[in-house]
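Chemist: Sequence:
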Amino acid sequence: MDLEQVVGYLKVLAHETRLRLLGLLAAQERSVGELAEILALKEPTISHHLAKLSEAELVTMRPQGTVHLYRVNSEALRELSRDLFTPERVAGFAPARQVDSWEKKVLRTYVVESRLTKIPDVRKKRDVVLRWLAGHFEEDRRYSEREVNEIIGRVHSDFATLRRELVGARLMQRAEGIYWRVDQVPAAA
Numbered sequence: 039m040d041l042e043q044v045v046g047y048l049k050v051l052a053h054e055t056r057l058r059l060l061g062l063l064a065a066q067e068r069s070v071g072e073l074a075e076i077l078a079l080k081e082p083t084i085s086h087h088l089a090k091l092s093e094a095e096l097v098t099m100r101p102q103g104t105v106h107l108y109r110v111n112s113e114a115l116r117e118l119s120r121d122l123f124t125p126e127r128v129a130g131f132a133p134a135r136q137v138d139s140w141e142k143k144v145l146r147t148y149v150v151e152s153r154l155t156k157i158p159d160v161r162k163k164r165d166v167v168l169r170w171l172a173g174h175f176e177e178d179r180r181y182s183e184r185e186v187n188e189i190i191g192r193v194h195s196d197f198a199t200l201r202r203e204l205v206g207a208r209l210m211q212r213a214e215g216i217y218w219r220v221d222q223v224p225a226a227a
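In the numbering used here, the protein residues as written are 39 to 227.
Think of the hints as simulated: they come from the structure by calculation, not from any bench.
Among the hints, a few may not be true.
[Stated by the list, open to error] Result set (SDA-like, lysine to any residue): computed pairs, CA atoms no more than 25 Å apart in a straight line:
#, residue 1, residue 2
1, Lys90, Arg58
2, Lys142, Arg208
3, Lys80, Asn111
4, Lys142, Thr124
5, Lys49, Ala114
6, Lys162, Ser182
7, Lys90, Lys142
8, Lys49, Ala89
9, Lys90, Glu75
10, Lys142, Asn111
[Claimed, not checked] DEER-style ranges, computed between Cβ atoms:
#, residue 1, residue 2, range
11, Glu95, Val205, 56 to 62 Å
12, Pro82, Arg146, 49 to 55 Å
13, Ser92, Ser119, 49 to 55 Å
Glycine is no exception: its CB is placed at the ideal position from the N, C-alpha and C atoms.
Kindly generate the complete structure, drawing on both the sequences and the hints.
Modeler: Next comes the structure, spelled out in structure tokens:
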């Protein structure tokens, strides 16, 4: 069940009259007339709500002569409960990576047309920019300091500061004037 389907079910269930109808129909089969009398509502109102419940397959209807009898679709309710109301399912409603959207916003703020407009003062934002910058370097490749300066210089003029920041953030390592990207880029905290 995808998020759109869940929202659809919740919209159907988020109405007092529909919940009362489900409660009454869970106890026994009833006609529109009986339901209208019990709930002190007009039959067209009851029919409207039953139609919504029927569309969601939460109630079923069977004709008996000239009367239509409604009852709860117990199996659909069990499936809904099983499929919807579990910690795993509820956790699945969260955006795939909340950090990603925040990181994208930070990058939109500081990167314009593939150029870094400013080195962020806030450490958390700077880390996002540094991870983006580290992505400009290939894994498993060694770079001279001149090559590192050239690559960083394409996105910002202060290549010396950014080079030191990349090493300090452990996104790159350096030994004897040779730099390389660290395989694992730590996620923002």
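Chemist: Now, for every hint given, state plainly whether the structure supports it.
Modeler: Hint-by-hint comparison with the structure:
1. Lys90 x Arg58: Satisfied, since the Cα-Cα distance of roughly 14 Å is no more than 25 Å.
2. Lys142 x Arg208: With a Cα-Cα distance of about 21 Å, the restraint between Lys142 and Arg208 holds, given a limit of 25 Å.
3. Lys80 x Asn111: holds, 23 Å
4. Lys142 x Thr124: violated, 31 Å
5. Lys49 x Ala114: holds, 16 Å
6. Lys162 x Ser182: violated, 28 Å
7. Lys90 x Lys142: violated, 40 Å
8. Lys49 x Ala89: Status holds; Cα separation ~14 Å.
9. Lys90 x Glu75: holds, 19 Å
10. Lys142 x Asn111: violated, 45 Å
11. Glu95 x Val205: 56 to 62 Å: holds, 60 Å
12. Pro82 x Arg146: 49 to 55 Å: Given a distance of about 51 Å, which is inside 49 to 55 Å, the answer is holds.
13. Ser92 x Ser119: 49 to 55 Å: With a Cβ separation near 19 Å, Ser92 and Ser119 fall outside 49 to 55 Å, so the hint is violated.
Of the hints listed earlier, those the structure fails to meet are numbers 4, 6, 7, 10, 13, in rising order.
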